[in-house]
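Participant: Read top to bottom, the protein sequences are chains S and E. With the working numbering, the residue at position 115 of the first sequence is 115, and numbering never jumps. With the working numbering, the residue at position 81 of the second sequence is 81, and numbering never jumps.
To be clear, the hints were calculated from the coordinates, so they are not data collected in a lab. Treat the numbers as computed from the prediction; the structure is a model and nothing was measured. Any given hint might turn out to be false.
[Said to hold, decoys possible] 20 Å max Cα-Cα, derived SDA-like pairs, lysine to any residue:
hint, chain 1, residue 1, chain 2, residue 2
1, E, K30, S, Q8
2, E, K304, E, S250
3, S, K335, E, A193
4, E, K225, E, Q287
5, S, K335, E, A164
6, E, K30, E, A193
7, S, K348, S, Q8
8, S, K335, E, S231
9, E, K30, S, K348
10, E, K129, E, A193
11, S, K335, E, L91
12, E, K304, S, G130
The residues making up each chain are set out below.
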Amino acid sequence: MLYRENGQFKTSYADDQQLFPIAQDRWSILALTVFAFIGIPLLVDEYLLRAILIPFLILSLAALGVNILVGYCGQITLGAGAFMAVGAYAAYNFHSRLPGMPLVLSMLLGGVTAALVGIFFGIPSLRVRGLYLAVATLAAQFFTDWVFLRVPWFTDHAASGSVSVSNLQILGWQIAEPVDKYLFCLFWLTVFALLAKNMTRSAIGRQWMAIRDMDVAAEVIGIRPLFAKLSAFAVSSFYVGTAGALWGFIHLSSWEPAAFSVDRSFQLLFMVIIGGLGSIMGSFFGAAFIVILPIVLNQFLPALGRLVGLNISTAGVSHAELIIFGSLIIFFLIKEPHGIARLWSTGKEKLRLWPFPH
Amino acid sequence: MGFFLETLIGGLMAGMLYSLVALGFVLIFKASGVFNFAQGAMVLFAALAMARFSTWIPQWLGLESAALANVLAFLAAGAVMFLVAWLVERLVLRHLVNQEGATLLMATLGIAYILEGIGGTLFGSDIYKIDVGMPKEPVMILEHVFDGGLLINKEDFVAASIAALLVALLALFFQKTTTGRALRAVADDHQAAQSIGIPLHRIWFIVWCVAGVVALVAGVIWGSKLGVQFSLSTVALRGLPVVILGGLTSIPGAIIGGLIIGVGEKLSEVYLGPLIGGGIEIWFAYQLALVFLLLRPQGLFGEKIIDRV
Chain S
1 MLYRENGQFK TSYADDQQLF PIAQDRWSIL ALTVFAFIGI PLLVDEYLLR AILIPFLILS
61 LAALGVNILV GYCGQITLGA GAFMAVGAYA AYNFHSRLPG MPLVLSMLLG GVTAALVGIF
121 FGIPSLRVRG LYLAVATLAA QFFTDWVFLR VPWFTDHAAS GSVSVSNLQI LGWQIAEPVD
181 KYLFCLFWLT VFALLAKNMT RSAIGRQWMA IRDMDVAAEV IGIRPLFAKL SAFAVSSFYV
241 GTAGALWGFI HLSSWEPAAF SVDRSFQLLF MVIIGGLGSI MGSFFGAAFI VILPIVLNQF
301 LPALGRLVGL NISTAGVSHA ELIIFGSLII FFLIKEPHGI ARLWSTGKEK LRLWPFPH
Chain E
1 MGFFLETLIG GLMAGMLYSL VALGFVLIFK ASGVFNFAQG AMVLFAALAM ARFSTWIPQW
61 LGLESAALAN VLAFLAAGAV MFLVAWLVER LVLRHLVNQE GATLLMATLG IAYILEGIGG
121 TLFGSDIYKI DVGMPKEPVM ILEHVFDGGL LINKEDFVAA SIAALLVALL ALFFQKTTTG
181 RALRAVADDH QAAQSIGIPL HRIWFIVWCV AGVVALVAGV IWGSKLGVQF SLSTVALRGL
241 PVVILGGLTS IPGAIIGGLI IGVGEKLSEV YLGPLIGGGI EIWFAYQLAL VFLLLRPQGL
301 FGEKIIDRV
């Protein structure tokens, strides 16, 4: 009844091609954004910001990047953590080695470096695909793990590869409090999510999707696989790289290579598969699911155990977490292989017909 | 020369162990098209079961003989792996027929988490040791051929022989038995196999059982070498370059690939490592596999990929 596009006539091409063609979508997204910028900083306490919202925002950005590559261009990657690491360490080097380097610029340059590395490690995608490619991207993961651990130049000769940044500011705005960090990440994510949404519906996004659906056929109709695949790798690595820079600079502020291990790569792939391949919205759902679930399990399992009279040890809790996490992932994959984004769109379809489904 | 040969032989033996892990991947991929990331977790789980049963069984039954206890523990751990195979087929794979490769891969990662969790809950998360009486002391061979001879780790040698034996047995099983033929038929074409009456679900169960046994053997060997601990599940990551190098669908590929990777790793660590810093083993294996992949995208022995629109 409420969610229906009746009476919304499109009288120009601009109307027809806008980002959210349905007015209800447009207004609710706008309201959500305004709420995220103004409402949440007023309402939410520091713990929630630091433990859930900031990681959620940053990992959403990374998941967006992975989704561009895996969901839109169909190239499975298990090396996303590597590009996060490249972004973080490159941004660190730009920031610390060049005095007076603006924070935003060094992060963007970190992203650009990650994009270049991404192009390099994307070259195998021109020859191999599918699972072979997935394993090939693991090469990037282990190589960067090693580089940042063993080559001291990248970590400014810090022992154990641990580096830290401090005194972050943009034009005099100190990013020190969780609220500032949150706003910074939110702003960053909003800009890049908008960009990604538009990219996927423009010529380049259509090329990616054509390659994903059938690369030989795409080649036959005149899409250059070299350009399409490598551009997907570049854009994806740029997103993941800036997310890595945010993760290091804003969230951790002092980090070592283990922060971007192969587990992180798996985590990011989980996000896009559970959230929904080939959906911008899905990246957010997936990130929310993966960030929040372990925290919820961690908080509620001991309480649940006490309820039934079991006293679960810390080790027991962490094992139970693993089991429940794994089971939920399998459950989701079986029940909805197309991810939470599909549930969302089914829900929207139902809502359009409600309350008279026939 | 002697040193080079020593490194080479060490590499070949390490390679045999990688093949053992890789074999688990290939078996399952061939028969069900599932890229089983849980293979590492299965190795860990099997090794944990083996380690714990070999201490529990003597306590329960009051056995004295260590050898008998080990055999019983091996059988018990094998039974546990069969149970795992049954559950995986029943609860996971059966519901994911015809899904995309990536989805299946994620599902096996879920299985890996569950196995690690259950393994920790049932068997505890300390470091255990498996003692199946592997000889530990190194031996010298060919002393009259080279100065100083070649120093060979006997344990590695025994492990490599066991691995080779297992591979030979599997080859026989696949080539000569009816079940083996059915497995190969399923690997070729699921639908065609099903239409001539091969029960797909049972075949998958059998394949996961075989992979479980392979995991158990790998777990016992790696476990007695390194001790049973959670890092054991990362041997899967060691096995991956082997699989793509040899080709995802080829059992000989897994063996040859394992040998190439093993030798490449050891030689690179010894000769290249000092130049650019140590610890290059793991990524070197991947780069080696990548170079091969660029030349032959389907791996050394994989089936040729034919593109059709």
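Participant: Compare the structure with each hint and give your call.
Facilitator: The hints, checked one at a time:
no. : hint            : verdict
1   : K30/E - Q8/S    : 54 Å, violated
2   : K304/E - S250/E : 12 Å, holds
3   : K335/S - A193/E : 27 Å, violated
4   : K225/E - Q287/E : 26 Å, violated
5   : K335/S - A164/E : 42 Å, violated
6   : K30/E - A193/E  : 13 Å, holds
7   : K348/S - Q8/S   : 17 Å, holds
8   : K335/S - S231/E : 32 Å, violated
9   : K30/E - K348/S  : 40 Å, violated
10  : K129/E - A193/E : 43 Å, violated
11  : K335/S - L91/E  : 12 Å, holds
12  : K304/E - G130/S : 14 Å, holds
Against the hints set out earlier in the document, violations occur for numbers 1, 3, 4, 5, 8, 9, 10.
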